[in-house]
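We have chain P; now place chain C onto it with these hints.
There are 2 protein chains.
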Amino acid sequence: MITVTLIGAGNVATHLYKIFNNTDQVLVKQWYNRTLKPIERYKTKLKITDCLEDLKETDLYIIAVSDDAISELSSALPFSDRLVVHTSGSASLYDLDMKHKRGVFYPLQTFSKDVDLDFTEVPICIEALHKPDYKFLKELGIALGCKVHKVNSDQRKALHLAAVFANNFTNHIYRIAHEICEKDSAEFDILKPLIKETARKIETVSPYRAQTGPAKRGDKKTIKKQLKALDNSTHKAIYDIMTKSIKNTYGQR
Amino acid sequence: MITVTLIGAGNVATHLYKIFNNTDQVLVKQWYNRTLKPIERYKTKLKITDCLEDLKETDLYIIAVSDDAISELSSALPFSDRLVVHTSGSASLYDLDMKHKRGVFYPLQTFSKDVDLDFTEVPICIEALHKPDYKFLKELGIALGCKVHKVNSDQRKALHLAAVFANNFTNHIYRIAHEICEKDSAEFDILKPLIKETARKIETVSPYRAQTGPAKRGDKKTIKKQLKALDNSTHKAIYDIMTKSIKNTYGQR
Chain P
1 MITVTLIGAG NVATHLYKIF NNTDQVLVKQ WYNRTLKPIE RYKTKLKITD
51 CLEDLKETDL YIIAVSDDAI SELSSALPFS DRLVVHTSGS ASLYDLDMKH
101 KRGVFYPLQT FSKDVDLDFT EVPICIEALH KPDYKFLKEL GIALGCKVHK
151 VNSDQRKALH LAAVFANNFT NHIYRIAHEI CEKDSAEFDI LKPLIKETAR
201 KIETVSPYRA QTGPAKRGDK KTIKKQLKAL DNSTHKAIYD IMTKSIKNTY
251 GQR
Chain C
1 MITVTLIGAG NVATHLYKIF NNTDQVLVKQ WYNRTLKPIE RYKTKLKITD
51 CLEDLKETDL YIIAVSDDAI SELSSALPFS DRLVVHTSGS ASLYDLDMKH
101 KRGVFYPLQT FSKDVDLDFT EVPICIEALH KPDYKFLKEL GIALGCKVHK
151 VNSDQRKALH LAAVFANNFT NHIYRIAHEI CEKDSAEFDI LKPLIKETAR
201 KIETVSPYRA QTGPAKRGDK KTIKKQLKAL DNSTHKAIYD IMTKSIKNTY
251 GQR
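Protein chains in written order, with full-length UniProt numbering: chain P, 1 to 253; chain C, 1 to 253.
The following block holds chain P by itself, in its conformation from the complex:
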């Protein structure tokens, strides 16, 4: 049985708690957060605390807080030589205090408090300073039913940046599509099969080959009509730069 300490109470920490709780092989023994309120409802199941000094020894400490707070928190932990990981896509392994065995356990998914997630669909990107720690984290990921990937810091940063495009920007584009529909009282729901198929398609075809549409075809007439139809200047600017970028990719003028 692996004993774990959770540090932080955001989406990642909360989802990790849920998945740990569903596994025989992991026991979350204690949970720290700077305020107790968000973790208060777990107090019958484990020790909760807002005081780092109270933390006891466990096999693993998971720091799931904002990037800015990782370094300070890891230094303030009242012990050394234990395995301490953070869950950030962009923070360095070296942001953790060197008194610890250091690692990264980065779940590359989009977490929302109110949307449940199938953890077998969560890739975990693992990095560790020492081989035995890497092996330990890998086995933990597998025990959770996740797909585990060995990813160094540069790769992790690239994945995190790519994820901002693939998730944040994509979702915002859905949002713009939603606005465009609403303006003309068209049902956004009609687009949902298209959105699903767009994501599904690249499971078998590269995004480069999957591209379709007026920009790829160089269909100037449609592009002009659509730019004219957009009355939000930011949406216009996004249409324009995306169209140019697609044209460049496929050698259209």
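Keep in mind that the hints were calculated from the coordinates and are not lab data. One or more of the hints may lead you astray.
As the list makes no split between identical chains, a pair holds if one copy fits it or if it spans any two.
Quick list of in silico lysine to any residue cross-link-like pairs, SDA-like style, CA-CA up to 20 Å [what the hints assert, rightly or not]:
#1 Lys247 <-> Ala237
#2 Lys29 <-> Glu139
#3 Lys224 <-> Ser71
#4 Lys196 <-> Glu121
#5 Lys47 <-> Thr249
This is chain C only, laid out in the frame that chain P set:
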């Protein structure tokens, strides 16, 4: 049994042929294209022709060609008072010659020649000048197993524009994510569960509520780091405008 004439040999016409062929209730009797080569392999199953004058009467004529060619082709059809539809998202119903009974049969999906499609996942947007024609097209859509939607010209144009965002731009964003990964030898495949979940999430939550990430949080430090990490000026410009647009949406500065 509904008899159909197909006009054009692009992705939409080819996919429509496949789905018609799988239904007892529809018979594709003839297929016109300005060149025979793309449809030659169907000649044992139906009449193919590159001469409009050769076309016989059928219950329905489907013009699935580029927007620019719809008007001329519909005028050149050697008969009148038959039901003629186009499949375009942006062309007007009135682009069809007024000698016909006019309609629109717009499948809102992304079609690729080499990717098979589940037609129950294809919404068909229908418009017709006359009620009986609308009813006829609706029943055809239902016979194909599709979801059928009554959509007027303004709504269809809005949906088509929204689809350029939701499909073309989204796919291009996948492409950029792919490039970012490749540059640091990170596996693009690790992002696929995230891409799938991003699309899945909005089936139950609005895109507005599903948004996450540094721009929504107003996390200036991460935004600055990521902008610095992008060395492609177009990708930088896309990151910048998308970030600004998200910030505006959520009142971040």
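Structure-based check of all given hints:
For the homomeric pair lysine 247 and alanine 237, the shortest alpha-carbon distances inside one copy (15 Å) and between copies (15 Å) are both at most 20 Å. Only within a single protomer do lysine 29 and glutamate 139 lie at most 20 Å apart by alpha-carbon distance; the minimum there is 19 Å, versus 61 Å between protomers. Taking CA atoms no more than 20 Å apart as the test, lysine 224 paired with serine 71 passes between copies only; the shortest distance there is 19 Å, against 51 Å inside one copy. Taking the shortest Cα distances, lysine 196 and glutamate 121 sit within 20 Å of each other both inside one copy (16 Å) and across copies (9 Å).
Within a single copy, lysine 47 and threonine 249 get their C-alpha atoms no closer than 55 Å, and across copies no closer than 39 Å, so neither meets the 20 Å cut-off.
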